[in-house]
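K.L.:
Sequence:
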Amino acid sequence: MLRRLVTPTVLTAGLAAAMVSAAVAPASADAQPQPPEAQAIAEELGNDNVFIDPSIDAIPEAEQGILESTAAEADVPVYYVILPTDSISSQAGLDALMNPVMDEVGDGVYGVFAGSQTFQVLSPNVEDTEAIQQLAVREGGGNQVDTLVAIPDAATQVEEAEAAGATSGFVLLGLLLAVVAAGAWFVHRSRKKREAEKAKQLEEIRQMATEDVVRLGEDVARLEIDVSKVDDATRNDYSQAMDAYDQAKAQLDNIREPEQVRLVTSALEDGRYYMTATRARLNGDPVPERRGPCFFNPQHGPSVEDVTWAPPGGAPREVTACADCARAVRTGGQPDVRLVEVDGERRPYYDAGPAYSPYASGYFGMNMMMGMFTGMMMGSMMGSMMGMGMGMGAGEVGAGEDFGGGDFGGGDFGGGDFGGGDFGGFDF
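Numbers -29 to -1, 1 to 399, taken from mature numbering (1 follows the signal peptide of the UniProt record, and there is no 0), label the letters of the sequence shown in order.
Honestly, the hints are just simulated from the structure, not real lab data.
Some hints here could point you the wrong way.
Here are the computed lysine-lysine pairs in the DSS-like style, where the Cα-Cα straight-line distance is at most 30 Å [what the hints assert, rightly or not]:
1) Lys220 - Lys171
2) Lys220 - Lys169
3) Lys220 - Lys200
All chains, please: the whole structure from these sequences, using the hints.
P.N.:
Listed below in structure tokens is the structure:
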């Protein structure tokens, strides 16, 4: 049944794909991001039903287009609001921002993300926003865009169940069972989708790692060396390079999960360094210090310096680079970037999405990744690696999970659950 009532719901189960806070360029390290004006949100929602804070640049246009088309085609009025991390710090703050927006825009279902920690469904006229949120989260599988896209179907289901439930208690019971069955179907379909996506990602990542292993093998084969005629240091470096190559091949044969590719790339990073050290000793040159691989293409081997570089539309950052890529950056050219195939399209590996984070983490390790990859499509990789085991695992919600219980009474925001867990997908 529809009536004038604002019912925010709070998600208390933590999603596994925990995200890093967005780089929203605050005035100082201590300054908190400020929420936008309600009037600005209302005007944007009136245009295309979607408001994304101007400070957020991590969401691709294609994903924004999906949100706009979903809202336009929905059977019920649906609006999406995406705000920066920490721009809303309390339930009172969210109400103060969104209530005027809903008064201006009108009836409908509003899905609000504030960073990766806060997700709420609000409505001035729909009572059971909690049920809508539960179904959307189950369908979304821990991804912000998928969760928002699931809201129209969830709202339609809940509204139909409420309307039918008014006829009789017997019919109500049947519809409640139908809602439960629909929820189970959501979980089942989400699981099947994740399994299919995981299988596709595994094949793509396996091919990617195979290319790197083959390239190191070719490098080893090109080096003509008689180990009986070299000194112990050279022999030791060459032996370690060969051992790392053999280990990478063995790990590649044993990959069963996309996350396991980090074991392959970690061994490749060792192998490439020791090949570089071996060549330096053979040429009578100083052995270079151990540095991380070239950011632009780990196949290039160890980097020689750090350069300042910015991804398209992103903030500048220091990245490691080989001599050729560093020269290209300094002269305004294009570095030789490692491209991978994603859904039939070749794109830079660092723009291929969080599924490719294990590939990079094996090469670079967490410390380097925290600085170089922040704000990119792969920015949520750190969350996926650090957030495993929290609450709902990979985003799957069981029928008995507890979604409620946020304590906002008496102004005691600190003791409640306003956040609602971690959603993967984008870093803002």
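K.L.:
Are the hints correct? Go through all of them and say.
P.N.:
Hint check results:
1. Between the alpha carbons of Lys220 and Lys171 the distance comes to roughly 21 Å, so the proposed pair stays at or under 30 Å and holds.
2. At most 30 Å may separate the alpha-carbon atoms for a hinted pair to count; Lys220 and Lys169 meet this at roughly 22 Å.
3. Of the pairs offered as hints, the one joining Lys220 and Lys200 holds, with about 28 Å between alpha carbons and a cut-off of 30 Å not exceeded.
When each numbered hint is compared with the structure, no violation occurs for any of them.
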